[in-house]
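With chain A fixed as given, assemble chain B onto it according to the hints.
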Amino acid sequence: MTFTQIFFYFLAGVIVAFSVLSVTTRRILRAAVYLLFVLMGTAAFYFMVNFFFLAAVQLIVYIGGIVVLIIFSVLLTSQINDRLDKPEMAKVVIGGLVAFGGLIISALTLWQYPFTASSAAEGDYSVAEIGRQLLNYGEGGYVLPFEVISILLLAAMVGAIIIAKRIKPKTDD
Amino acid sequence: MIEGVPLSHILVVSSIMFFVGVYGFVTRKNLLTMLISTELILNAVNINFVAFNRYLYPDKMEGHFFSLFIIAIAAAEAAVAIAIFISLYRNLKSIDVEDVDSLKH
Numbered sequence: 001m002t003f004t005q006i007f008f009y010f011l012a013g014v015i016v017a018f019s020v021l022s023v024t025t026r027r028i029l030r031a032a033v034y035l036l037f038v039l040m041g042t043a044a045f046y047f048m049v050n051f052f053f054l055a056a057v058q059l060i061v062y063i064g065g066i067v068v069l070i071i072f073s074v075l076l077t078s079q080i081n082d083r084l085d086k087p088e089m090a091k092v093v094i095g096g097l098v099a100f101g102g103l104i105i106s107a108l109t110l111w112q113y114p115f116t117a118s119s120a121a122e123g124d125y126s127v128a129e130i131g132r133q134l135l136n137y138g139e140g141g142y143v144l145p146f147e148v149i150s151i152l153l154l155a156a157m158v159g160a161i162i163i164a165k166r167i168k169p170k171t172d173d
Numbered sequence: 001m002i003e004g005v006p007l008s009h010i011l012v013v014s015s016i017m018f019f020v021g022v023y024g025f026v027t028r029k030n031l032l033t034m035l036i037s038t039e040l041i042l043n044a045v046n047i048n049f050v051a052f053n054r055y056l057y058p059d060k061m062e063g064h065f066f067s068l069f070i071i072a073i074a075a076a077e078a079a080v081a082i083a084i085f086i087s088l089y090r091n092l093k094s095i096d097v098e099d100v101d102s103l104k105h
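So the protein lines, in turn, are chains A and B. 1 is the number of the first residue of the first sequence in this note's numbering; add one for each residue after it. 1 is the number of the first residue of the second sequence in this note's numbering; add one for each residue after it.
For reference, chain A alone in the conformation it holds in the complex:
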């Protein structure tokens, strides 16, 4: 086994173990921290396939943004010593059956399908090329989704502020 292979399977083990831990632990803060490790493993996978820009975005947006946001709201909404209740047995059985059955079906299908890796030469993954394609309105350009996403982000930002803002009680006495 080469070093790359060993590293990939180590990464796969880390991702699987921490994702299982993050949905089974009974402390919310720990669940958030385990999610952080899963996302870091994913970023490492992006680095392994040479998608450096995507890996950087993953680190900045997911780990720097979403996980920090989740940890903040965990601290705002629960006591640090609180433990979640154990899930009901029926839910565990149903969830386990759904997840395990789906996993078996999709893993068997994936395992049997003969994927043949393309031998085409590696494209240009530089940041300059990414920027050119993101703002290109010709063939293979992504300027429309880019602009739509920017409007979505603006709307989400305004909406989040409005929803989370404290509404003053009416003084109509």
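In case anyone wonders, no lab produced these hints; they're calculated from the structure. Be a bit skeptical, because a hint or two may be false.
[To be verified] Once the Cα atoms are required to be at most 27 Å apart in a straight line, the calculated DSSO-like pairs of lysine-lysine come out as: (1) B:104 - A:168; (2) B:29 - A:165; (3) A:91 - B:60; (4) B:104 - B:29; (5) A:86 - B:93; (6) A:91 - B:93; (7) A:91 - B:104; (8) B:104 - B:93; (9) B:60 - B:104; (10) B:29 - A:86; (11) B:104 - A:165; (12) A:165 - B:93; (13) A:168 - B:60; (14) B:60 - A:86.
Because the structure is a prediction, the values reported are computed rather than measured.
Chain B alone, transformed into the frame defined by chain A:
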């Protein structure tokens, strides 16, 4: 592509992650932990896009851009969801799904 690692191994890892997220979504009652499960599911999809892009069409970047947009949408979704959770906590002092039923009555 990663030398010596077939595509199906990567896809199996991401489908394990996806179904662990599904399991968490079904069993959890706290809204924040359900959001964490959703993030797991979205992340599994991102891994799939990147793996297919890199193994089957290494000369193009479609999967890369799809992942980029999914990350942006996940960020927007998490921001709005957490705003809703904070507002719920302020009104109900709880963020369990079973306490959030005021629209039913």
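- Message: With the threshold set at 27 Å, check whether the alpha-carbon distance from residue 60 (chain B) to residue 104 (chain B) stays at or below it.
- Response: violated, 49 Å
- Query: Quick one, are residue 104 (chain B) and residue 168 (chain A) close enough, alpha carbons at most 27 Å?
  - Reply: The given pair, whose Cα atoms are some 25 Å apart, holds under the 27 Å limit.
- Item | Proposed proximity, residue 165 (chain A) with residue 104 (chain B) (alpha carbon, max 27 Å) | OK: residue 104 (chain B) and residue 165 (chain A) at ~24 Å, within 27 Å.
- Task: Mind checking the alpha carbons of residue 91 (chain A) and residue 60 (chain B) for me, to see if they're no more than 27 Å apart?
- Result: It is violated: about 43 Å lies between the C-alpha atoms, which goes past 27 Å.
- Is residue 91 (chain A) within 27 Å of residue 104 (chain B), Cα to Cα? Answer holds: residue 91 (chain A) to residue 104 (chain B) is near 22 Å, not above 27 Å.
- Does the structure keep residue 29 (chain B) and residue 86 (chain A) at a Cα separation of 27 Å or less? holds, 10 Å
- Query: Does residue 60 (chain B) pair with residue 86 (chain A) here, judged by a C-alpha cut-off of 27 Å?
  - Reply: violated, 47 Å
- Given hint residue 165 (chain A) paired with residue 29 (chain B) - CA-CA distance at most 27 Å: holds, 25 Å
- Has the given pair, residue 91 (chain A) with residue 93 (chain B), been kept, meaning a C-alpha gap of at most 27 Å? Distance of about 24 Å is within 27 Å: holds.
- Message: Given the hinted pair residue 165 (chain A) and residue 93 (chain B), is their Cα-Cα distance within 27 Å?
- Response: Judged against 27 Å, a Cα distance of about 16 Å means the pair holds.
- Query: Straight-line Cα separation of residue 104 (chain B) and residue 29 (chain B) no greater than 27 Å?
  - Reply: Status holds; Cα separation ~18 Å.
- Task: Would you mind confirming whether the straight-line C-alpha gap from residue 86 (chain A) to residue 93 (chain B) stays at or under 27 Å?
- Result: holds, 20 Å
Checked against the numbered hints above, the structure breaks hints 3, 9, 13 and 14 and satisfies the rest.
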